[in-house]
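**Student:** Sequence:
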Amino acid sequence: MPSFDPEIIPQTLAPFVKSNQPPSSSQTAQIRAHIQYLEALPAQTAIVAQTIRRFESAVSALRRLPVEMLTEIFYWVSAGGQPCIIPYFPDHMHNPAFPALVLSRVSSLWRVVALQSPIWGNVQIRLDARTYAQAVKQAQSLFSRCPYSLLEIRIDLDNAPAQALSRASMQNIIVPHSQRIYSLCLDLDILAARLLFQLPQNSLPELSTLTLLVRHGQCAEWLDIGLEDDHNQTPLSLIAPRLTHLTISSFVANSPNCHCNLNLLSMGLRYDRLLVLELCVRTPYQQILAVLPFCSGLTALAVDLSGTLSEEDEDSDEDAPLITLPSLHSFRIVPADDTDITAEFLDRLLLPALRTFSCDSGTGEGMSNLLRRSQFRLFSMGFKGILAFHRTEFHELVSRQRHLTRLELENCGGSFTDALERQDPTLMPSLRYFAWRRLPVSCFNSFINFVNSRFLPGGVYATKLETVGVQPSGYPFDAGDFEAGSPQYALNNAISNWRALGLNVELQPCPNLDPLLYSEDSQSEVDDEEEWQTILNGTWDHIWGNIYLGRYDEAWYRYHVPDWQWVGVSLESALRQRRETRLRAYQL
1 MPSFDPEIIP
11 QTLAPFVKSN
21 QPPSSSQTAQ
31 IRAHIQYLEA
41 LPAQTAIVAQ
51 TIRRFESAVS
61 ALRRLPVEML
71 TEIFYWVSAG
81 GQPCIIPYFP
91 DHMHNPAFPA
101 LVLSRVSSLW
111 RVVALQSPIW
121 GNVQIRLDAR
131 TYAQAVKQAQ
141 SLFSRCPYSL
151 LEIRIDLDNA
161 PAQALSRASM
171 QNIIVPHSQR
181 IYSLCLDLDI
191 LAARLLFQLP
201 QNSLPELSTL
211 TLLVRHGQCA
221 EWLDIGLEDD
231 HNQTPLSLIA
241 PRLTHLTISS
251 FVANSPNCHC
261 NLNLLSMGLR
271 YDRLLVLELC
281 VRTPYQQILA
291 VLPFCSGLTA
301 LAVDLSGTLS
311 EEDEDSDEDA
321 PLITLPSLHS
331 FRIVPADDTD
341 ITAEFLDRLL
351 LPALRTFSCD
361 SGTGEGMSNL
371 LRRSQFRLFS
381 MGFKGILAFH
391 RTEFHELVSR
401 QRHLTRLELE
411 NCGGSFTDAL
421 ERQDPTLMPS
431 LRYFAWRRLP
441 VSCFNSFINF
451 VNSRFLPGGV
461 YATKLETVGV
471 QPSGYPFDAG
481 DFEAGSPQYA
491 LNNAISNWRA
501 LGLNVELQPC
511 PNLDPLLYSE
521 DSQSEVDDEE
531 EWQTILNGTW
541 DHIWGNIYLG
551 RYDEAWYRYH
561 VPDWQWVGVS
571 LESALRQRRE
581 TRLRAYQL
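Take the sequence shown: its letters are residues 1 to 588, numbered as in our numbering.
These aren't lab readings, by the way, just hints derived from the structure by calculation. There could be a bad hint or two in this list.
Cβ-Cβ distance ranges computed for the label pairs, FRET-style [to be verified]:
1) Asn172 to Thr463: 50 to 60 Å
2) Thr463 to Pro241: 12 to 22 Å
3) Ser486 to Trp76: 36 to 46 Å
4) Pro176 to Val77: 39 to 49 Å
5) Val102 to Gly297: 39 to 49 Å
6) Pro235 to Leu322: 24 to 34 Å
Quick list of in silico lysine to aspartate or glutamate cross-link-like pairs, EDC-like style, CA-CA up to 20 Å [unchecked claim]:
7) Lys464 to Glu506
8) Lys137 to Asp156
9) Lys137 to Glu152
10) Lys464 to Glu408
11) Lys384 to Asp272
12) Lys384 to Asp424
13) Lys384 to Asp337
14) Lys384 to Asp338
15) Lys384 to Glu278
16) Lys464 to Glu483
17) Lys464 to Asp424
Here a beta-carbon is modelled for each residue, glycine too, at the ideal position from N, C-alpha and C.
Input sequences plus hints: build the corresponding full structure.
**Tutor:** Have a look at this one:
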């Protein structure tokens, strides 16, 4: 059949309508094609109408949903509440705001609901001098979409900023919307930090959560903020009268510059209103002890005592009264290098309502006195980065916890295995969840035996394990087969057996770093700092490659990469030396 264009037919038929001239054979074929086209239109129209009715029925059901339910759906479609990262490309599929942009174009109702969803008020702004203007413009655009919603803002600095950039970020982003901010996370320099304390009274009336991030060597001056000598500063309790969650954190957990004079008493805080206090920087423990008596309403406390030095000119007050925190449910501590400081700090605390306790790094010594004195019922305990733990101390810690249901270990040494392998029915009889992340190869068999005794039939424990978490150190556990008889082979078979019997196993992949870094035997075999630096350099190639490719962010590695301070190589110094060169190489 000849090709047919319906727009040509009227011109083709005009001569035959006005005269008796018969059409040619080709013209007759076109006329017949036009007739067939017209006869097929009703069937095609019926198909289109049926499709429209089908979509209308589906959309009508969605339109009948309550606005609250639509808002919840849009919220989870937009990456489940993940912050919108600025600057961004408007149609970038990986941007959490992109689905909300698409939904806002469906109908007027959906547009109203999408623009009012919480995604527009949860923003992470990455500032540098090159993209500052674009970031501010996009932030203002997002904030304008939710004029009546509370805002959750995080400001990060990808590059070391000039003071003018920090001042502008405070004035152009925070100040215009300060009345609506309920959660604020700042990663700024000394000037911007002081600007925060120079805001007028009641500038942040809805602020309930404040997080201050310390970066690199700025810590010593950044947090040296007090009100004694600066009358232009406003007490924080007057700036944010509803503040209940305060976190002061540092990315640099092992830098010597992180020990700072944190003037907790002179920040103008209403400590009696705080529910959560996290001091994740090296803070003089005397300052913490000075403010804790005013924190009667605390429910969660985290302190970092590492690097704190004892005061030679001050004698410890053995008769000092105990500090009782009656509402504290969660307590996390990074012990001091000096165990006497940790013991002195813990000896002052009385925590009758404590339910969750965790200890990061250090040796873990000095904890049993606190647990014995407070007589609380722990339901969850966690230990991270403790390579050496006195066996008797750990056994004493866990033997009293008859109500303990959750125990988590991370990057811990083999000194835990003796206590875990004891077949004692009184040892954590209620345990239901056990996890060991960054599990050393030397502890594979102990881990298997412990889980078997707590889960397989015939054990001495009445309560069975329900969930086990494991993260084997240094080995891509899902990479394939292992040699028969190896610890990896035994663990892999044990995991398969547990899952077949109904145990929930959370197998977490470990970063594919050099296994030598996680081998306990390598600590004695590699003593040369230059050799360790060579190993670390290869590791950083992998780390910064993953960061640039977007597989992990820098904060993830800072949290998971262990501390190599014990081999004489500073993790932070290696990061500083290689960051710019590595990223530049991957960009090329």
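**Student:** If a hint holds in the structure, say so; if it doesn't, say that too.
**Tutor:** To see whether the hints hold, each was checked on the structure:
| no. | hint | in the structure |
| --- | --- | --- |
| 1 | Asn172 to Thr463: 50 to 60 Å | holds, 57 Å |
| 2 | Thr463 to Pro241: 12 to 22 Å | violated, 46 Å |
| 3 | Ser486 to Trp76: 36 to 46 Å | holds, 43 Å |
| 4 | Pro176 to Val77: 39 to 49 Å | violated, 29 Å |
| 5 | Val102 to Gly297: 39 to 49 Å | holds, 44 Å |
| 6 | Pro235 to Leu322: 24 to 34 Å | holds, 29 Å |
| 7 | Lys464 to Glu506 | holds, 16 Å |
| 8 | Lys137 to Asp156 | holds, 16 Å |
| 9 | Lys137 to Glu152 | holds, 17 Å |
| 10 | Lys464 to Glu408 | holds, 16 Å |
| 11 | Lys384 to Asp272 | violated, 30 Å |
| 12 | Lys384 to Asp424 | violated, 24 Å |
| 13 | Lys384 to Asp337 | holds, 15 Å |
| 14 | Lys384 to Asp338 | holds, 18 Å |
| 15 | Lys384 to Glu278 | holds, 17 Å |
| 16 | Lys464 to Glu483 | violated, 31 Å |
| 17 | Lys464 to Asp424 | holds, 14 Å |
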